[in-house]
Structures are given as structure tokens and as C-alpha cells.
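K.L.:
Using the hints, put the two standalone chains together into the complex.
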Amino acid sequence: MRLTLRIWRQKHAQARGHFATYRMDDVSPDMSFLEMLDVLNEQLTEAGEEPVAFDHDCREGICGMCGVVINGIPHGQHKHRTTTCQLHMRNFRSGETITIEPWRAKAFPVIKDLIVDRSAFDRVIQNGGFITAPTNTIPEANAVLVAKDRSDLAMDAAACIGCGACVAACPNASAMLFTAAKITHLGLLPQGQPERTMRVVGMVRVMDQSGFGGCTNLGECSLACPKEIHLDSIAQMNLDLIKAGFRRG
Amino acid sequence: MAATLNSKVPSAPIEEMWDRHRFEMKLVNPSNKRKFTIIVVGTGLAGASAAASLAELGYQVLNFCYQDSPRRAHSIAAQGGINAAKNYRNDGDSAYRLFYDTVKGGDYRAREANVYRLAQVSGNIIDQCVAQGVPFAREYGGLLDNRSFGGAQVSRTFYARGQTGQQLLLGAYQALSRQIGLGKVAMYPRTEMLDLVIIDGKARGIVTRNLVSGKVESFIGDAVVLATGGYGNVFFLSTNAMGCNTTAIWRSYKRGAFFANPCYTQIHPTCIPVTGDHQSKLTLMSESLRNDGRIWVPRQKGDTRSPNQIPEAERYYYLEEKYPSFGNLVPRDVASRNAKMVCDEGYGVGTTGYGVYLDFSEAIQRLGKQTIVERYGNLFDMYQQITAEDPYRVPMRIYPAIHYTMGGLWVDYHLMSNVPGLFVVGEANFSDHGANRLGASALMQGLADGYFVLPYTIGDYLVQATLEKHDTTHPAFKEAENEISALVKRLLNIRGERTVDSFHKELGRLLWEYCGMSRNAQGLQRAIQDIRTLREAFWQEVRVPGDGGELNQSLERAGRVADFLELAELICVDALHRNESCGGHFREESQTAEGEALRNDQAFAYVGAWEFRGVGSNPALHKEPLEFKYVTLSQRSYK
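Protein sequence lines correspond, in order, to chains D and R. First residue of the first sequence: 1, per the numbering used here; consecutive thereafter. First residue of the second sequence: 1, per the numbering used here; consecutive thereafter.
For reference, chain R alone in the conformation it holds in the complex (with noise of 0.2 Å):
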């Protein structure tokens, strides 16, 4: 096996590399691009925009998701807004600024070309959703509006309201549903992805489980695209969907695709408190409310005075003060682990002294109580239901969560794997976010995937790559249906005395304990072997009632959650190995005078790709060094 990975990134000036390489890539003569069949998994912002690409570009095209319907998928949850380099606000913005931004905002571990071409592409993206019919915020004279997010120093956000991923996942759905209703794309919803099939060594197809009648079905096709999100839920408290799962880009890391930076993993700095046990997930409360709300905690250690009795003199605006310059805008990684610190040191809030007030009283004084309902009315509403308090009046609780997850399957400049034929678009890959993802970026990038990146770069590899002609009786299929089969028959026959969730749940709470938002060599080593003693309880002692020939929704967690099981695994070992800090990995061992995250460029500028080498041993590492011949290295500071 190669000692390093071939990224496949062109040689050209940066500004020229995605223009010169599109007019060098080969072309799939128009007639014969309906002869090849393409599956894509997952119908989230890169799934439904690749799918209705590559169906408009004459492709056959196999989409799948595990819910009811396209539409469904968690890139609807995303609120803030999606950025783009248009500098309509003429405040010094350029797809070079954005390139820049995100590289320092990813803590220089994310490569260079990939998100020069997301920045470039940026604009593109606004001009394509406002075709559909996206309702972006406008100004009076008709123009788009834009805000303000963290990380950044200029007004770069498109949005709607508070619910910018839903519009943007319906602008997708709705072109996506136009080529379901042509016949060009065949739609298969509660349908879940449970194995790739590799004939001659490339990716050429899927078996799945139809979630309704259980069964368990082959697909054939001439490559295929995972977009099939992030791994958050890990954790089992996250402010993932509660369907959001690991299971399509595990198996096809244990089919031989690499696992890339699994211990990059963002804690979101405004989400609404833990209440309890009974909690199933947490919500998140856009960042974009940190543009007019101020974050504080009281000067006094345990003040139980309620906020607004706490005079100004007494409030401690912890970022504000220590980080002068961007105030309550820094980005994520370094908002959350501050308002970790504050917590750990007693000036924590509400009944279990881990939350921090987003006041916005001062913004309601300045702007008005109106203008405030116009930007955030559906957040404050969302908040007032979950927790019966009216931020209008009292100063919001929030507290970090687990969000988004850098880390991904590995893939080259193609958004192609190592696996020839299977790609990986949005979240699901390693991506452009490097060890920390800019807020407003994550839309960008799915739709970057989607609709201007991998419409390309697939054609390039139809073109060249030699496909025997298969069908699903190919013994590959089979052995890989059988497999499946009898994992489901052997998770329901352990009939243990556990449910799946009291096992996700100590998974997640081990995990946030020693591999969340401050990590030391001791406590992932103790992570290792708590992980395996779990996974081996998991499966003498789980209880999965019900069987497998019908809608078993405890069978479809069970699954799940023992990709959970091995995947921890995998985030502590990456985690244990990455001896530095950067971005949303903080290792206690590597870190400023100050308490800031203290990077190791010499040691550890490269992207860590992981072989599988059987469950319980020990995965090979591939390292991609990072060259950065255009973004200056610097110690990243927000002061």
C-alpha cells in the first residue's frame, strides 16, 4: 500500500486550477450518458442537488434515503445561513477572502485547491437557488440581503429567515422531485444502505433494506455517490436527526474506503441545555443569534440571581473581553471550549450549572423589538417552546453540542474516493472544513458538491473506467446480501436483556467525557478499552424485539448503533494519535500559554486516512501531507 495518498490536485496557479482542469477532464459524449446508471445515497442538500444534476445531464440516476421522503433530510435543520463570496456589501469580500477565511477558520488541516474551488463556486450556488425560487431575505429595493456569522470579518451570508437549510433543501427537493416526475431519477425513500458492492475493484453498486417489508435488495450501477452526512449522533446527544447514522460510509470503510480525520469532530457553541435523562437530542440555536446577542455569565461564582437582576458591573462578557476584536463572532471551536472553561470554573448557569446567558437585550434596545423578530422570530419561538422562557425577556441558556463532524471518508480532488467509482459529496467526505467548519459553510459546501463539483468530475471517471457489463446474480452481491441477512438474524437473536438506546446513550456519554471538547492521551487510551468492553456487551446482551420482515425500527437503531460502536473506536485512536490541537480537536497536552490550541505544522500537517484491518485491530494510517503555497501559516487568533 502507498505510503501516501494521490489527491489528484492539478498543477495550476490556485485562481486558474478549476478552469483549466474542467476543459481537461473528458466529456461523456451526450448520447451515451444514458447508459450509464449512477446511485447516489442520501437526498440532503449534496444528494438532491447531485441527483437532479446528473439526472439533467441525461444520467440515469438510482436516489435513496432512509425517510419518508427526500425532503426530509437534515440539511433542513440548518438555520444561520450559506455563504458566498458575491461582495454585494462592497466590504472587501472576494472568493480569495473566502478561501482564506476558511483554511484559517479549518485551523490549516483542510487542502488548499479543494476550497479555493468551494469558494469560486460560491456565487454560483446564490445564482442557482434564487432560479428556483429560494426566498432569501431581501432589502427594500429588492437586492439580496445579507448577515454577518462567526469567523469572518465581512457580511458574506445569505439567508431566510431562520431557516436557510430548509429553503435551500426544498429548492433541491423541488428540482430533484422534477426529475422523479420525468422518470429520470428512480426514487427509493425508507430504504437504507447497508453495504457496498466492489466488482474488480471499483464500486458498483449497494445492497439495501427496504424498511418497510424488511427486504434486503441489490442495486447495480456505473458508480456511486454517498451523501449520506455527518457521524454526529456518535454521541447520541447531538443535534443530528435522530436518524443520522454512520452505517453507509462505515461498511464502505470496512469495504476498503478510508476514514479520514474521524476525530475532527464540532461542538456547536448555542444550543439549549441538557434537562434530563429522558433527552433524545439537543437544539441547536443559530449561531447567526450571535451577531446581535451578547454572551455572558455572572462575575460571581454560583450567582442564583436571576439575569436581569444582575447589574451590568456584575456580568462577565467573557468573550467580548478576552477576544476584543471578534467578540461574540469567534469561531465555534474557540466559542464552545470557553464557555466549557467558564462552566468548569463555577460561573455556569440555570438548574445543572452548565449553560451560559445569549442576551439580547441589548440588541432589542438598539434595533428594536421588531427588527429582532425579523431576524431570529422563528428561533426565540422555537426557544420559548422547548424551555417555557421568553428570550424576548430573559437572556437565553445555551451550552456547546456536538454538531457537525469534519472527518469523512477521504477523497481526492474529484470527490473521488479511494475506491475507484465510489465518490463522496457534503458532509460525508473529510472535505474543505479542515479541522473546523466555518458557520454558513456546510450548505456551501454540499451544494458546491452537488451541483458544480461532482457533475463534472464523474463524467471523467465513466469516461475512462472500464465497466464490465454485471447484474446483480454477481456473486459479490450475493455474498454481501447474505452478510446482511444474517447480521439482521443475529442481532435479533441475542435477546439480551438491553435496549439498543441504553448502549447508544453510554457510548455517547463515554465518548463526550473523554473524546469531546478536550481530549488527553490518558482518558482516549481508558475511551479504547471502555469501547471494546461495551461493543463486546453490545452484542452478548442487546435486546432487539421484533423481527426482520417488517418495519422494525429498533432493528434499523440496532444496526446503527453498532457502527456507532466501532466507529468510537476510531475517533479515539485518530484522536490519540493526533498528538496537537487544532480546530475541534483540543488536546490538553498541546496547547498556549494562554490556553489556546497549539498546533504541531511540523509533525502533523496532513490529512490522517485510515485503512480498516478487521474489527478490534489496529487500522494503518495514510497520511496526505498539506502544502500550503498560497495561505500563511500563523498561529490563528481572534484577540
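Chain D on its own, in the form it takes in the complex (with noise of 0.2 Å):
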């Protein structure tokens, strides 16, 4: 295949970006899209120029570490949810021109090219993303009954993988869908139950301070998550919310 890459560089987090054009002549459709950028960079550095940095890491679509917006669209397609590593270049046409950005939002600053700060999402988890339970002051696995269909829908949103599509996605940089996925996972089982107040509120606070925006029910996100993360979370976390707000007076 033959391609054409518009890919966004930037120096440094202060620095401006702009779109550099490549091309490729010899794209095999079973590469993945980032072994794509892999020869690209391999065919730079031979060049005596500097390659794309981009983040990435298990490769296998749950680390969460990589993550682009390809033609616009964080991870590349609607069509089968995926992220960026397991996206194949079969997808494309050979003519094509790809045009290749990092996350766009407030609370991802850009650190180089493709790579975004989402330190933002590990402070939100810290500020109440957890069950309080230290090791060994802990009951039997079996003391605890969790009925399946709670446990299955408990484990449809831990499957999160804290990437951050879906605030690329979002017109609004909102990060509803993550903080709603750890919130509905916590929150349907017996064990996230005494700290299910305190929970939401600590990490809508962080969410809100950190520069995320709000949701206005778009459904982007849940479009673009590779997790398939359903909107659903997203009612459940303000019911929570309100509640929250009963509770404290």
C-alpha cells in the first residue's frame, strides 16, 4: 500500500506544533498501525531525521498506553472499537492520506508530538478510585456473595483501560465515561458500597479541577471507547452525585 501521513509534531510542550507530510511506499496491510509508524520511524532515523514519539507499550490493547486521532476519530474507527495498536492498516486504502494527531484537551498537555500528559486521570483515581482495604485485614473470598449479573456488569466497566479516548472525543474534553466506569464498578458491588459517597464526590472534585468539561449527553465517548464503556455509567455517577448531595445536606 502507498500512503501519504500528516502527522502532528511538536518539539516540546512549549513549543508550537505543526503537520509534517511523509510518505510510505511499501505498507503492508497485516502491520498494525503502529508497526506502520515503526518503519516510518526506522526510514526517518536512516534519513539522519528525528522520529515520531508516540506512546505505546503492551500492544495487545489493554495497557492504555497508545492512543492517536487518526482522520479525527481517537483510535482510528467506529466500525470494531479498538485502540490504536490493534487498529490494522487492511483498514485503509493504499492512496490514502491519514492524517495523524495526539489528544486534543485542556488536561492532556502535549509533551512531544504524540504523546499527551493524562497524569490528570491517575490523580482522579487517587481521590477516592478505590476500595479501602489493606492487605490481609480482609474476609474469605466466599464470605462475600456477588450475584453474576451484578458481578458481570461490575466487570463491563472496570474493563476501562484509562486511555483517554474518550476525552479526545468529546467536543467538551469531558472525562465523564472514565471517572463513571471506575465509579459504576466500585458502586454495583457489596464491597464498594461504604465508601460509594465519599468516592464520587472526591473524584468529580479532582475531575472537575483538573480542566476536564462537562457532559452534555453527546455519546462520543462511549463511541470511541476501545472498551465499549457504556453511557449508562455516565447516569449512574450523577445519580450517585445527587445523592451524595442529599446525603451531606
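A portion of the hints provided could be inaccurate.
Distance condition first, Cα-Cα at most 20 Å in a straight line; then the derived EDC-like pairs of lysine to aspartate or glutamate [claimed, not checked]: (1) D:Lys-79 <-> R:Glu-389; (2) R:Lys-489 <-> D:Asp-26; (3) R:Lys-489 <-> D:Glu-49; (4) R:Lys-639 <-> R:Glu-389; (5) D:Lys-79 <-> R:Asp-381.
For the record, the hints were derived by calculation from the structure and aren't laboratory data. Just so you know, these numbers come straight off a predicted model, no measurement behind them.
P.N.:
Shown next as C-alpha cells:
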């Protein structure tokens, strides 16, 4: 396949970015999108230019480290929702021009080229996104029963990989789907009940402070989510938040 | 230097050993714990669980990872499950049976005392994870579900769909996040450990490079814990994450820590086959698939019919035929070697001929598609995404790939290396898996080390060690910082013609050829020469663009590949010296008449721990004899 790539290049956080154009002549349809970028980077290095910086690690669609906006869509496609590392070049046509950008959101500043700073997500989790269960101070695993349907729904929400595609897809750069996924996961389980109020209040506060926008129910986040986290979780989070308001007076 | 290593295994019956020893170990007074600072490198299952548990106890913890968030560590990619001797199935499981299976599965090259302790605390791990909200699979009655896994005849594996590692890691990450939020753990993401600092003979700190700013910095503590994972990426193509590397343990080895059993590398039987030169990594399909999938190749060599057109009688279910009692659930090393054998003989499938079928049609008929979707849905989706084939209709094609490394830094019963104050947990140590790890045991070991072993044993060290007051202006830190800065400069100034990856790929091909699934003396000797030549070429010809004072991914990789080029030689040296077959280490000179691995317990029932003597110089071998008081050594048989 022959491709033209328009890639966002930005030397560092403070630098001005721009699109650079690269041509690739021999792309195999079996390559993953990131392998295609690997090949480009080998070519750039051999030509004495600086390779394109992009985040990636497991390349199995589970660590959540990779993610770029491809032709305006986070992770590249809506058809089979997936991470950038699991997107294969057979989804593109020879002769196509592909535009590649970093996540765009105030709360995710660009560090270099396609790499952004997603530490705001970690801070959201640090402020309530857990169940307090210090090591070894715990009951026997089967002492607390969990109905299979609730456990399955919890697992659906827990599948979030924290990649940030939801934020990148949202016109408001809202992090509600990310935050709500964790609140829903823990809120569905009996172990998560004691801290339920504190959790939603703490996480939402930090989320708002981090510069993410609000939710206007557009649903772009869920559509871009490689793990298909459901929009319902945002409704659940809002419900928990309202209840928390009543509880706290 | 002592001829043997002191494993510090307590003298007590194995069932009582750990309980008694916990009583015998010294405790740190609760109000004194905050006076100790512990450096934890890595945030996978072992690192995150250790950092969280140590902070909960009251220690000051500094935690480092190279990724942008601690949640990314590669434990997250483990799919199938975690073993625990809960005996919830009432099928005869016990701590003793898990211990026995693990020692046997490791082909009798693990230390009994450590393995027993691992089996003993395995149940606590499940309790801990459930309390954290890990959504394990459940029965309709609300109880936890189990599945079976390779190398065992009981159902003791707990799982969360095909994302068990992810859910366990997120549990540990959330416990760690809580401690970060409370200010008990200082977290340093995008920070790579590049050297270990030893003062007065004790591990006291590390030197790091900030991967965003390029700044080289020192951190001091009272103990250093390495939880930096395995070195499978030395083969370039592996199921490891792209960033997995040996640098932390390798540079600690160069500072005096012994490297044990480096040749014990595990090849996982069920990975998606290679498609071309662009391939950057190999994707694992969970071993749990072997529960319901049947492995076969056509009976006729070079049969190009599509698999669904090949009638039952013309399919060779080679594992079921050769190993009737374990069938498709033989341990990983046996399954991998057999796949290689049938492909080498010309029965392989797919365009390259290096693949075998993993077929679910019988299971779909028996259980219904819905059950298969529930058990393996995400794995099937992933397979389809990568290969553009639908495994519900067409059998998967699989081939073995490097997956896990049983070798690692040598540790005693306390998980402390021979360098006082340097603890090593999880895959980074040489650990509990002997020469071969059973499925669903890596998660168990990482969490056992981090939650239930290290937090006790590290206290015993801190109470007894006399730790002088120092800070990072100490000459040992300055010297290490200067060495790292010089290394960075040297890599950038070579300005050769070849990319870092081209060297890494060449090294990987070399190792896979001569030190992969089967090894012989001649090949290993040749590999050692070739690795030396390649290493010299690297330092002459590599091109690392950019500079050191910025985010520079080529530079990061160059440093890691430089270490792989040294480690690869040690792997071959170890493989050459161990003239027996055991577990993942198959020496062609040592096999049974039927082509199975043949151990030599007389000569090799020991842990081989290597001491660094300079790059290109022969390392010194130290032996820890392995005593088997509880498990009877036998030729492994899964027939």
C-alpha cells in the first residue's frame, strides 16, 4: 500500500506544533498502525531525521498507553472499536492520506509529538477510585456473595483501560466516562458500598479541578471507547452524586 | 567468595516453616517505620502490591515506573487467571498439591521452601483481591467460579474473563493510588532506573533518568526493591510489552547482584503466528483456550485445504494422541516443543508453515456459542482484529513465542539478593518456577511476593542492618550519575548508520535460532561469538538521533538494547554450562528415546547464580544446591 501521512510534530510542551507530511510506499495490510509508524521511524532515523514520538507499550489493546487521533477519530475507527495498537492497515486503502494527531484536551497537554500527559486520570483515581482494603485485613473471599449479573456488569465497567479516547472524542473534553466507569464498577459491588458517597464526591471534584469539560450527553465518548464502556455509567455517576448531595445536606 | 549461596531457609517442617519464621523475624516498631524510606522500582503486580502494602505499614515509599502511569505495567496483559489452593471445587486441592504441582511443573529446579510458602499464601491473595473489588467470574449462586489450566488436574484458577491480569493490577494500582493520595507513596512515572547505588556494601539508592526532561537524578533509601519484570524482550519478538527490559536487574548484576538461571526462558504455546518483517511483538492467546480448544495439524504434510474441509480422520490431534491423560493441557514447554516438532517436520499450517490449529468447533457444539463467548469473548475478538479471521468459524492458528523468563536475580528465602538491602520480587527474581512456570502462576507469585512476603521480610532486614546516615551527595551517587551521563553521551555520539531496532532484531533472531526452543553446545558456542561481534558493531555503528536533554525514545531503547546485548551472552553461557534438559531449557544432547526432556539430577540439581566479572569476561558460577525433602524427583510424565 502507498500512503501519505500528515503527522503532528511538536518538539516539546512549550513549542509550537505543526503538521509534517511523509510518504510511505510499501505498507503491508497485515501491519498494525503502530508497526506502520515503526517503519516510518526507521526510515526517518536512517534519513537523519528525528523519529515521531508516540506512546505505546503492550500492543495488545490492554495497557491503555497508546492512542492517537486518526482522521479525526480517536484510535481510528468506529466500526470495530479498538485501540490504536490493534488497528491494522487493512482498514485503509492504498493512496489514502491519513492525518495523525495527539489527543486534544486542555487537561492532556502535549509533551512531544503524539505524546500527551494523562496524569490527571491518575489523580482522579487517587481521590476515591478504590476500595479501602489494607493488605490482609480482609474476609474470606466467598464470605460475601455477589450475584453473577451484578458482577458481570461491574466487570463491563472495570474493563476501562484509561487510554483517554473518551476525552479526546468529546467536544467538551469531558472525562465523565472514565470517572463514571470506576464509580460504576465499585458501586455495583457490596465491597464498594461503604465509601460510595465519598468516592463520587472526591473523584468528581478532582475531575472538575483538572480542567476537563462537562457532559452534554453527546455519547461520542462511548462510541470511541475501545472497551465499549456504556454511557449508562455516566447516569449512574450523576445519580450517585445527587444522592451524595442529599446525604451531605 | 563462598562456593555456595546461603538461601536462609529456616529449619522447620515445611508446613510450619513460614508461620514460625514470621514469629522469629524481628519487627520494626510501628512508630519507627516512618523513619525508613524504601525505594520500589516497578508498578506491576509485585511492585504495586509491595509499594501499597509497605506504605500501609507506615514506611515512606518512593515508587518508579517508566510508563506514564503505574496502571500500565505489563502484568495488565495477563489473560487467563490466577491459581489459588482454595479447594472450592472440592476436587482434592490443597496447599500441598499446589506446591507439588508447581515444583513438578518447574521440572524440579525450584527451591521447595519458597514454593510451599507461595502455595500457602495463594488463598489470601484471592481474599485480598475480592476485598479490593476485583470482579472475578462468579456462579449464579454468587460464589467464585474456577477453571482448569495447563499442568494441573484440579480446577484452581480464578479469572475475570480474559482480563485477569488487568483486574488484579487495577486492584493493586488502586491500593497504590490510595497511598499516593494520602502522601505515603511518592510516585515517579516516566522515570527509568539506570543504576543501583551501593554504600558500605548495602543497596542504598538508585540513579534514574527522567524520560521527559532527560534529567539524571539520584534517590536514596534504606532498602531497594526491584519489581522490574522479566527480560523476554531480549528476543525482540516476545509477548512482553515493547518497553519491558532488563536494565534495572542487569545494572544491579553489574554492581554485584548474582543472576540466577538466565537460560530458563519460557516459550508460550498459544500465540498468534508472525506475519512479516514489520512484526514488532507477538500476541498471546491465553493458555486457558486449551481448556476448550483442540490442537491439531493435518495428517498429510503440506495439506493446503482450508481447515474446515479436512475431515476428522485426517486431522492429527498430536497432543491428545501422545499425552492421553493431559491431552491439550500439558505444560507449556511440552506443548511448545511439540508444536515446533510438527512444524519442523512439515505439518505446519498458514502461509509460513509455522502454525498449528487451535479448534473450538467441538466445544461450540458441546457448550453452545454463548458459553464460549462468555469464557473467551475478548480473546476471540482480539484474534479477529489481528488476523481478520473469525475463530468461531475457522480454527485459530497459533505458534509458540517467548513469554516469560524464569531466571532473574538470585534471592534468598527473604527475597533479598546477595547484596544486602537489595530485594527482588515478581518476575525479576529467579523465583519459584524452577525451569518452567505453570499457567496462572505468575500473577500468584507477583502478588504473593508483594502483599504477603516482602512486607514482613524487609522489616527484619531494616531492624538489623546498621544504616549510616547519607544523602545523595555521597560520592557513590555522584560517581553513578557521572557514569550514566557519560553512557548517554557515548550512545548519542556514535552517530553510525544503523538503527537501534536493527540491532535488536538481529540479536533476537540469533537467540531464537540458537537459544530458543531447543539448544545444543555447538549452536550456543557460535551464538556467544556472534553476540560479541554484534555487540562490538552496536558500539561502532548505532545511530541514536536527538539529544539527551529531552524525551528521546531512540535513546531509551538504545540503553536497553545495549544491556540486552550483554545479557544475551550470559543466557547462552548459562545454557551451555547446563548440559541437561529441564523445563524450558531443552538441550538436544539430553533427551529420552521418545524425545522428551531428560534431566541430570546428579550433576545439575542446583541453582546456577552468576557473578559479573566484566563485559566479555567469563562470569563466575555460584551454586545453590537444591534439596528435595518433600517432593520425589521423577521424570516428568504427562502421558
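K.L.:
Lys-639 of chain R and Glu-389 of chain R: Cα distance at most 20 Å?
P.N.:
Violated, at about 33 Å.
K.L.:
Starting from Lys-489 of chain R, check that the Cα of Glu-49 of chain D is at most 20 Å away, please.
P.N.:
Holds. Lys-489 of chain R to Glu-49 of chain D sits at ~19 Å (cutoff 20 Å).
K.L.:
Hint check: Lys-79 of chain D vs Glu-389 of chain R, CA-CA at most 20 Å. Holds or violated?
P.N.:
16 Å, holds
K.L.:
Run the distance test for Lys-79 of chain D versus Asp-381 of chain R: straight-line Cα separation, threshold 20 Å.
P.N.:
13 Å, holds
K.L.:
For the pair supplied as a hint, Lys-489 of chain R and Asp-26 of chain D, is the alpha-carbon distance within the 20 Å limit?
P.N.:
34 Å, violated
Against the hints set out earlier in the document, violations occur for numbers 2, 4.
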